[in-house]
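A.B. asks: One line per chain: the protein sequences are Y and H, in this order.
Under the working numbering, the first residue of the first sequence is numbered 694, with each subsequent residue one higher.
Under the working numbering, the first residue of the second sequence is numbered 1033, with each subsequent residue one higher.
Note that these hints are calculated values from the structure, not bench results.
All C-beta atoms, glycine included, are put in the ideal place defined by N, C-alpha and C.
Just so you know, not all the hints are guaranteed correct.
[Said to hold, decoys possible] List of simulated lysine-lysine pairs, PhoX-like, C-alpha gap at most 25 Å:
| hint | chain 1 | residue 1 | chain 2 | residue 2 |
| --- | --- | --- | --- | --- |
| 1 | H | Lys1125 | Y | Lys798 |
| 2 | Y | Lys710 | Y | Lys723 |
| 3 | Y | Lys798 | Y | Lys710 |
| 4 | H | Lys1124 | Y | Lys798 |
| 5 | Y | Lys798 | Y | Lys723 |
[What the hints assert, rightly or not] Rough simulated footprint, nothing fancy, chain Y against chain H, three-plus residues with beta-carbon under 8 Å:
| hint | stretch |
| --- | --- |
| 6 | 1060 to 1072 |
| 7 | 1084 to 1092 |
| 8 | 1122 to 1130 |
| 9 | 1142 to 1151 |
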Amino acid sequence: MSQSYNRGLIEDFGRWKEFSAGMWAWIFHKFTGWMLIGYLFTHIAVLSSSLTGPEAYTNTIGGLESLFIVRVLEVGLLAVAVFHILNGLRLLMVDLGVGLEAQDKSFYASLVLTAIITVASVPTFLDGVTL
Amino acid sequence: MAERYSSFAPGGTAWLLQRITAAFLVVVLAFHFFLLHFVNHAAEIEFAGTQARMENVGYFLTMVLFLVAGTFHGVNGVYNALINQGLDGTQKKVVLAVLVIASLALIAQGIYVATTMAGWT
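Between the sequences and the hints, there should be enough to build the whole structure, so can you do that?
C.D. replies: Take a look at the structure:
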């Protein structure tokens, strides 16, 4: 049986200076989760323009994609999704009891990989848009 | 005191479903992002291309399952986050009811949109 720890109440955000890597991972996972479910509702709302007709759908997406701010928000969404995926894989491993002793290192690895993938995708996401 | 450190009561159905949907979403979310931002650029998406993809029954079913899994995983995550913050009693019941209604509405709307995209309405 793996050893378990009592780190105190993580919901008490005022204790943030005492937080360990795993607690930050938990907070980042929760924050990115809120962003993603919020986006899912927005996403279906935008795609619902297809109910008006093919032209409304094409124009809605084209109009949004012509905005620089939307492209920046998309990069943010990618960062949020990539972190949630990578840290989610880490959590599945933790649940299976695999690599528990390296759970802090795998959190740092999730952050670094997220940063690399996000930076690498910026040219693709900003292609063809001007300020 | 030895405590199991997790946001969910272990062994429950919701706990298991949260993890099963997680494993599915890891793959499909990555696929979705890759297909609609790197293979097809979002800025170049037109209805005809969307329809060509959605007409494929396998793609349609994957997207519907993606929506159902994503909605459950996200809303169940929000519900458990609120419980961790101390949500209890009548408030907990009301929040659960609101979240279930919002989830069912989102799934119904999403399937309706996907069916329209496929040209089956």
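A.B. asks: Please name the hints from earlier in the document that this structure breaks, with their numbers sorted from lowest to highest.
C.D. replies: 1, 4, 7 and 8
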